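Asker: Residue-level listing of the chains:
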Amino acid sequence: MMMTIKGKLIRNKSLFVLILFSLVIAVLNPRFLTVNNILNVLRQTSINSIIAAGMTFVILTGGIDLSVGSILAVTGAVAASMIAGGANLFASVMTALAIGAVIGAFNGIVISKGKIQPFIATLATMTLLRGYAMVFTDGKPVSTGSHEVAGVFSSIGAGYFLGVPIPIYVMAAVFALAYYILRHTRTGRYVYSLGCNEEATVYSGINADRVKIFVYTVSGFLSALAGIIITARLSSAQPQAGSGYELDAIAAVVLGGTSLSGGVGSIFGTIIGALIIGVLNNALNLMDVSSYYQLLLKGLVILVAVLLDRKQKSSK
Amino acid sequence: MKKALILTMVVILVAGLFAGCAAPAAPAAPAETNQEGAKKVGLVISTLNNPFFVTLKEGAEAKAKELGMDLVVLDSQNDPAKEMANVEDLITKSVAVILINPTDSDAVGNAVKAANSKNIPVITLDRGANAGDVVAHIASDNVAGGKMAGEFIIKQLEGKGKVVELEGIAGTSAARDRGKGFNEAIQGAGIEVVAKQTADFDRTKGLSVMENILQAQPEINAVFAHNDEMALGALQAIKASGRSIMVVGFDATDDAVKAVESGEMAATVAQQPAMIGSLGVENAAKVIKGESIEKSIPVDLKLVTK
Amino acid sequence: MSNIIIQMRGITKIFPGVKALDSVNLNIYKGKIMALLGENGAGKSTLMKILTGVYEKTSGEIQLEGKAVSFSNTRESQGIGIAIIHQELNLIPHLSIGENIFLGREPVNRLRKIDWQKLYKDAGTIMKRLGIAESPETQVSELSIGKQQMVEIAKALSLDAQVIIMDEPTGALTEKETESLFRVIRELKEEGRSIVYISHRLKEIFEICDDVTVLRDGQFIGEYPVGDLDEDKVIELMVGRKLSEQFPRISCRPGKAALEVRNLNSPLVKEISFEVKQGEIVGIAGLMGSGRTELARTLYGIYGKSSGEILIDGKPVDIKSPGQAIWNGLVYVSEDRKANGVVLGLSIKENVSLSVLQRLSGLLGKIDMRKEAAMAEDAIRSMSIRTSGPMQQVKNLSGGNQQKVSLSKSLAAKPKVLILDEPTRGVDVGAKKEIYDIMNQFKKEGMSIIMISSEMPEILGMSDRILVMHEGRIAGIIDYQDADQEKLMRLAIGKKEVAL
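In order, the protein sequence lines correspond to chains V, P and E. Okay, so the first sequence: first residue is 1 according to our numbering, each after it adds one. Okay, so the second sequence: first residue is 1 according to our numbering, each after it adds one. Okay, so the third sequence: first residue is 1 according to our numbering, each after it adds one.
By construction, these hints were calculated from the structure, which means they are not laboratory data. Predicted model, so just to flag it, every value in this text is computed and none were measured. Cβ atoms here follow ideal geometry from the backbone N, Cα and C, with glycine treated the same way. One should not assume that every hint holds.
Said to hold, decoys possible - Just a sample of chain V residues kept apart from chain E, beta carbon distances all over 10 Å, derived:
1) V35
2) Y160
3) A172
4) T185
5) V202
As the list claims (entries may be wrong) - As a list, the in silico SDA-like pairs of lysine to any residue whose alpha-carbon atoms are at most 25 Å apart:
6) K239/P / V152/V
7) K176/E / R473/E
8) K338/E / A208/V
9) K416/E / S251/E
10) K416/E / L311/E
11) K180/P / Y292/V
12) K338/E / Q117/V
The shape of chain V in the complex, shown without the other chains (with noise of 0.2 Å):
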């Protein structure tokens, strides 16, 4: 549908520069293409990639959201303290995943009813719900205490079902459904009609307030999913958690090709960003870089391939 012959080439180069910058590291370090260490990837990866999948939505509808960090902060650490407080598994994640939704509706209100930019809207509650993590939680760690409820939340993050690590089975479902939403439901055209062009799609009698209230419910919902396996993982909650990761999660989704305009790239595209990231980080850590070059490296690799797909659009 949307897969014109540019989208494929789009498609096919990031997926291209992926497999290419995998095989030199494969080259370099012979542990890198282990069934373990691709695992291990996939469960880096599997944070920055579900925030980026909401960031998608997001920015296809040429917005941008700030926030999911502090999402994942204030849900990550609600969802500790209700099981450090003895709540049952399943009420906690679902509370967590409910405030992440309402909060990013609340962004989407603010957004298309308060006609405020997406980058102002989005800033104010990043600041303003890291605030409130660091209130909420005192500044401190917030653990999840060691009792059996705590065990099994832990397993969310750190467990493996038929040998693979669940976080990856969750971002599998994630992309699965966005994949779905974005190609093949009417919400989905709505979002790159929107991104494309905002006043055609409202004279074509579609309600583009309730299209932007969606995705910024998506990003703050698949926040809030992070944080509770980031949670999960390490069974506390930091105060501190997530900041900087709208910047990962941006970069994911620019890599994969998507325009920061709108209307243009794909949800593939941003899975593939998300891996090129971490696997980047990855390779940094196996090949023992030193940590004041791998800051250097990682912005060029940025760079790079944002200057590859502009050249490539450019001269279609």
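Please build the complex by placing chains P and E on the supplied structure of chain V, with the hints as guidance.
Answerer: Structure of chains P and E alone, referenced to chain V:
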């Protein structure tokens, strides 16, 4: 009109909220009415996002309460510019002594000088200042702490083994000093550092960096992390891998001490942040009374083991 | 032919999957006005984009006074004296007239500071020449579309170009503005400058052009002195067949009222009451800014109403958004298709189905792709949209074909009342006829149609009744048998005494 009304209401609401929050948090609330402003002590703290500094602050607050002093605490949020502004605010409030826990030893210089120019005595806590005059520096010796951890690991491994070092934020003095002490200690022993990676003092990063290192290194005997947050993250990674590796942290935060008690972590080097804070206030009181104090006040470190 | 200044020979341009130009020639003579004619999609814009360096040609040659040249961007073509006035306005609304004219070429003093005095003085000189009274410091956003078009023209003049390309320059101009433009064009010609004039208004071609080059479907049809042609001949060359009647009015017996508007008031329109019957076309005439588009958009739920009643099929309806309007069977096809008529970045298929996805989707909002594809194929066939397929992005279509997509999108909603706002603006003669035929077909099927148009012949030729607006109010409603151009004009300028 309607907009203006809503805006006004929001402003009032927010102001009310802050008034409500501020009252219990700051015992120094009657600051403006207090005629004895000279007894006020300011504490500029690098960040309250880290439990260590929160404990430091609490130690200072407890001491101030005990001595009946007025303590104003300002958070620099790890931002030297904010720190400068905080110090300026305290100068404007004409506090008697400023306690600074610098975000960075170099960047704090101008703030110290600003206080010097108004003849307000400055005491640095935990991190020193590379410029300006301070009446005293109160800190635990990070180099000694690193050494303590190194010696502990040598003893436990009986002088031989492979070790991973998780570094703090590149360029910070804590990361430098702890690393320096640790590496000095293990020099000459049969200990090999097989990986040395930064995890930014962060638990989540400690987890993922350790996971990656576990993939790369088939044999690891011990991990030394520059703080407990990273150590606890690394611990999760090690637990998940099913391998048995000794973990030594630094700071002795509540979570880490619990982990040591349960036997998951081998040891953590305890700084005594509460004592740093409390000594700071105590010495500030002495300065106000005109007593002379030591230029450098070391705070004891201790190794917490099971 | 010694006075040829630019000669384009054998120009071919191939886009992925489409041959847009096939060995086309164009001669531009010194001090002459060359008309470039062709239906939408014939390749006029592509040819001009090659001449100005926006596109690279696939093959062929461009000669400037006998020497081969090539440009890879507009700056290079400007450098040798070619300027273009685009059909779409390329002005920056929040800058002044002067700033727009000299954008990127601001006069500066030695310290690289902009010399505002000189800028506004020079701008003022050019504006005066074009007969525009506004101060050059006026913000462009405050100008009417017609005046903005004049600023575009001023911009080209300021370049001191030898060859000026004008793409539909009069599309948005009033008659008076058109006159002063023609005066300027004649002056330019006198100065020995050359002009390429693109327009769908054949009358203008015969009024000011010297020669005519005709393109059809990317092919070069021929170059003729304007004296050898008449309107019918030109149309025949353009569409490749004889046009029978230009306005194929059909008469239907109107049914009962499908749309009734009773005393509608809003900040934009006042005391509007009228009705449209099934199988009837009501034309809305009026000057620009008379409230025609505002009325249509109020009915469509874009602008709010303060009082009044709207009934569809005799039932009062409450329309607060386009979504509700479509639900109630009323659709609006915008005059500004790029801004809000179509979504350029989506494909034809996705545009056509956009308003009716609810009907095409089942459980959990899953779109029935087969039904959607069938709907798009159907639209392409019945509207004869020229395209490589339903997956083609709308931005790659010509203006007329985009308009057909916009129309298809609205018709997909199976409306009872169809509002067309300037349905043939920027559309060539052949496609106009197709659009009229489509209107008639739906009229026959009993649809109620409202057509807003600035072209008097179109209003007179297609409408059953004509509603004339003036300053947000209805100045009069006339049956087509009683209407003529003069009557409509009198009403449109507010001379009430002659109304009926």
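Asker: Would you mind marking each hint as holding or not holding in the structure?
Answerer: Checked hints:
no., hint, verdict
1, V35, "holds (36 Å)"
2, Y160, "holds (31 Å)"
3, A172, "holds (19 Å)"
4, T185, "violated (4 Å)"
5, V202, "violated (6 Å)"
6, K239/P / V152/V, "holds (15 Å)"
7, K176/E / R473/E, "holds (24 Å)"
8, K338/E / A208/V, "holds (18 Å)"
9, K416/E / S251/E, "holds (19 Å)"
10, K416/E / L311/E, "holds (12 Å)"
11, K180/P / Y292/V, "holds (17 Å)"
12, K338/E / Q117/V, "holds (23 Å)"
Violated hints, listed in ascending order, are 4, 5; each of the other numbered hints is respected by the structure.
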